[in-house]
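Student: Residue-level listing of the chains:
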Amino acid sequence: DTEVTQTPKHLVMGMTNKKSLKCEQHMGHRAMYWYKQKAKKPPELMFVYSYEKLSINESVPSRFSPECPNSSLLNLHLHALQPEDSALYLCASSQVGIGGKNIQYFGAGTRLSVL
Amino acid sequence: DQQVKQNSPSLSVQEGRISILNCDYTNSMFDYFLWYKKYPAEGPTFLISISSIKDKNEDGRFTVFLNKSAKHLSLHIVPSQPGDSAVYFCAASVYNFNKFYFGSGTKLNVKP
Numbered sequence: 001d002t003e004v005t006q007t008p009k010h011l012v013m014g015m016t017n018k019k020s021l022k023c024e025q026h027m028g029h030r031a032m033y034w035y036k037q038k039a040k041k042p043p044e045l046m047f048v049y050s051y052e053k054l055s056i057n058e059s060v061p062s063r064f065s066p067e068c069p070n071s072s073l074l075n076l077h078l079h080a081l082q083p084e085d086s087a088l089y090l091c092a093s094s095q096v097g098i099g100g101k102n103i104q105y106f107g108a109g110t111r112l113s114v115l
Numbered sequence: 116d117q118q119v120k121q122n123s124p125s126l127s128v129q130e131g132r133i134s135i136l137n138c139d140y141t142n143s144m145f146d147y148f149l150w151y152k153k154y155p156a157e158g159p160t161f162l163i164s165i166s167s168i169k170d171k172n173e174d175g176r177f178t179v180f181l182n183k184s185a186k187h188l189s190l191h192i193v194p195s196q197p198g199d200s201a202v203y204f205c206a207a208s209v210y211n212f213n214k215f216y217f218g219s220g221t222k223l224n225v226k227p
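These protein sequence lines are chains A and B, in that order. Its first residue numbered 1, the first sequence is counted upward by one per residue in the working numbering. Its first residue numbered 116, the second sequence is counted upward by one per residue in the working numbering.
Note that these hints are calculated values from the structure, not bench results. Note that the structure is a prediction, hence the values are computed from the model and not measured. Heads up, some of the hints might be wrong.
Under the rule of at most 30 Å between Cα atoms (straight-line distance), these lysine-lysine pairs were calculated in the DSSO-like manner [as the list claims (entries may be wrong)]:
no.: 1; chain 1: B; residue 1: K169; chain 2: A; residue 2: K18
no.: 2; chain 1: B; residue 1: K183; chain 2: A; residue 2: K41
no.: 3; chain 1: B; residue 1: K183; chain 2: A; residue 2: K40
no.: 4; chain 1: B; residue 1: K169; chain 2: A; residue 2: K53
no.: 5; chain 1: B; residue 1: K226; chain 2: A; residue 2: K53
no.: 6; chain 1: B; residue 1: K186; chain 2: A; residue 2: K19
no.: 7; chain 1: A; residue 1: K19; chain 2: B; residue 2: K120
no.: 8; chain 1: A; residue 1: K40; chain 2: B; residue 2: K222
no.: 9; chain 1: B; residue 1: K214; chain 2: B; residue 2: K226
no.: 10; chain 1: B; residue 1: K120; chain 2: A; residue 2: K41
no.: 11; chain 1: B; residue 1: K186; chain 2: B; residue 2: K120
no.: 12; chain 1: B; residue 1: K214; chain 2: A; residue 2: K36
no.: 13; chain 1: A; residue 1: K19; chain 2: A; residue 2: K38
no.: 14; chain 1: B; residue 1: K171; chain 2: B; residue 2: K226
no.: 15; chain 1: B; residue 1: K120; chain 2: B; residue 2: K171
no.: 16; chain 1: A; residue 1: K53; chain 2: A; residue 2: K38
no.: 17; chain 1: B; residue 1: K169; chain 2: A; residue 2: K9
no.: 18; chain 1: B; residue 1: K214; chain 2: A; residue 2: K38
no.: 19; chain 1: B; residue 1: K120; chain 2: A; residue 2: K40
no.: 20; chain 1: B; residue 1: K222; chain 2: A; residue 2: K41
no.: 21; chain 1: B; residue 1: K171; chain 2: A; residue 2: K18
no.: 22; chain 1: B; residue 1: K120; chain 2: A; residue 2: K36
no.: 23; chain 1: B; residue 1: K120; chain 2: A; residue 2: K9
no.: 24; chain 1: A; residue 1: K9; chain 2: B; residue 2: K214
no.: 25; chain 1: A; residue 1: K22; chain 2: B; residue 2: K222
no.: 26; chain 1: B; residue 1: K222; chain 2: A; residue 2: K53
no.: 27; chain 1: B; residue 1: K171; chain 2: B; residue 2: K152
no.: 28; chain 1: B; residue 1: K169; chain 2: A; residue 2: K22
no.: 29; chain 1: A; residue 1: K53; chain 2: A; residue 2: K18
All chains, please: the whole structure from these sequences, using the hints.
Tutor: In structure tokens, the structure reads:
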């Protein structure tokens with residue numbers, strides 16, 4: 001099973017709303033990632049969790065708040081977003097680099113629209 | 116500053132012919148490279164990878180070539196099939212480090 005499941009698939013929210021994106025994997029991976037992807041652009045790394053601890057924050061605004069409650073789950077809490085935050089949000093997971101292949105497996109993404 | 120570049124936003128190839136997708140990088144510390152394929156409304160799917168100790172890796176119809184001196188890698192698909200039509204991203208990282216840098220993608224269209 002190489003599946004990363006993201007919910008919801010689509011989300012429309014107003015600038016004053018609070019919402020959460022969810023990501024789940026059962027591959028035993030201990031690294032999980034959030035990416036943001038705009039149209040015709042590469043995925044842009046936001047956060048990396050390694051062994052449930054935040055290891056990389058790519059200077060993401062505080063209106064995005066990640067959470068890793070356990071090794072299988074990753075959340076992204078959204079609050080007071082701006083229209084320019086509208087994008088595809090991708091979750092990925094991988095083994096923590098241990099000398100083997102470090103392949104990231106991606107979910108299908110959440111298409112977020114901020115009105 | 117984009118450290119991984121795919122200079123061809125699109126490529127069109129006839130079914131059965133070879134598709135060659137190119138990728139350049141600037142960071143000499145990169146030593147692990149991957150190709151991902153992405154269909155609309157889906158997340159990127161891992162295709163093939165190569166570490167810097169090799170200059171070629173092959174998996175069925177897909178072969179990745181790495182030229183370290185030129186900081187260039189390419190993906191060859193032979194023979195190309197209509198189902199290969201997708202956006203292809205190359206990515207690079209330092210081996211064992213959990214941060215990947217992605218190129219902007221090349222949209223491949225394989226015509227029947």
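Student: Each hint needs a verdict: does it hold in this structure or not?
Tutor: Hint check:
1. As the CA atoms of B/K169 and A/K18 are separated by approximately 48 Å, the hinted pair breaks the 30 Å bound.
2. About 25 Å separates the Cα atoms of B/K183 and A/K41, which keeps this hinted pair within 30 Å; it holds.
3. With a C-alpha separation of about 27 Å, the suggested pair B/K183 and A/K40 falls inside the 30 Å cut-off, and the hint holds.
4. For the hint pairing B/K169 with A/K53, the CA-to-CA distance comes to about 33 Å; that exceeds 30 Å, so the pair is violated.
5. Between B/K226 and A/K53 the CA atoms are separated by roughly 46 Å; this puts the pair beyond 30 Å, and the hint is violated.
6. About 42 Å separates the Cα atoms of B/K186 and A/K19, which puts this hinted pair outside 30 Å; it is violated.
7. As the CA atoms of A/K19 and B/K120 are separated by approximately 34 Å, the hinted pair breaks the 30 Å bound.
8. Between A/K40 and B/K222, the direct Cα distance comes to roughly 10 Å. Compliance with the 30 Å bound is thereby established for this hinted pair.
9. At roughly 35 Å between alpha-carbon atoms, B/K214 and B/K226 are farther apart than 30 Å, so this suggested pair is violated.
10. With a CA separation close to 11 Å, the supplied pair B/K120 and A/K41 stays within the 30 Å bound.
11. Taken as a hint, the B/K186 and B/K120 pair is honoured in the structure, with Cα atoms around 11 Å apart against an allowance of 30 Å.
12. For the given pair, B/K214 sits about 14 Å from A/K36 by alpha-carbon distance, which is consistent with the 30 Å threshold.
13. For the hint pairing A/K19 with A/K38, the CA-to-CA distance comes to about 20 Å; that is within 30 Å, so the pair holds.
14. At most 30 Å may separate the alpha-carbon atoms for a hinted pair to count; B/K171 and B/K226 meet this at roughly 27 Å.
15. Proximity of B/K120 to B/K171 is assessed by CA-CA distance (about 20 Å); at most 30 Å being required, the pair is judged to hold.
16. Of the pairs offered as hints, the one joining A/K53 and A/K38 holds, with about 27 Å between alpha carbons and a cut-off of 30 Å not exceeded.
17. Restraint check for B/K169 and A/K9: the C-alpha separation of about 39 Å exceeds 30 Å, so the hint is violated.
18. As the CA atoms of B/K214 and A/K38 are separated by approximately 19 Å, the hinted pair is consistent with the 30 Å bound.
19. For the hint pairing B/K120 with A/K40, the CA-to-CA distance comes to about 13 Å; that is within 30 Å, so the pair holds.
20. Our distance criterion of 30 Å between C-alpha atoms is met by B/K222 and A/K41, whose separation comes to about 12 Å.
21. Of the supplied pair hints, the one linking B/K171 and A/K18 is violated, its CA atoms being roughly 48 Å apart against a limit of 30 Å.
22. Between B/K120 and A/K36, the direct Cα distance comes to roughly 18 Å. Compliance with the 30 Å bound is thereby established for this hinted pair.
23. The suggested pairing of B/K120 with A/K9 holds, with an alpha-carbon distance near 29 Å, which does not exceed 30 Å.
24. Distance check on the hinted pair: A/K9 and B/K214 sit about 25 Å apart at the alpha-carbon level, within 30 Å; holds.
25. About 29 Å separates the Cα atoms of A/K22 and B/K222, which keeps this hinted pair within 30 Å; it holds.
26. For the hint linking B/K222 to A/K53, the alpha-carbon distance of about 36 Å lies beyond 30 Å, and the restraint is violated.
27. For the suggested pair B/K171 and B/K152, the alpha carbons sit about 19 Å apart, so the restraint of at most 30 Å is met.
28. Taking the CA atoms of B/K169 and A/K22, the gap is near 38 Å; set against the 30 Å cutoff, the hint is violated.
29. Between A/K53 and A/K18, the direct Cα distance comes to roughly 23 Å. Compliance with the 30 Å bound is thereby established for this hinted pair.
Figure legend: structure checked against the earlier numbered hints; hints not met, in rising order: 1, 4, 5, 6, 7, 9, 17, 21, 26 and 28.
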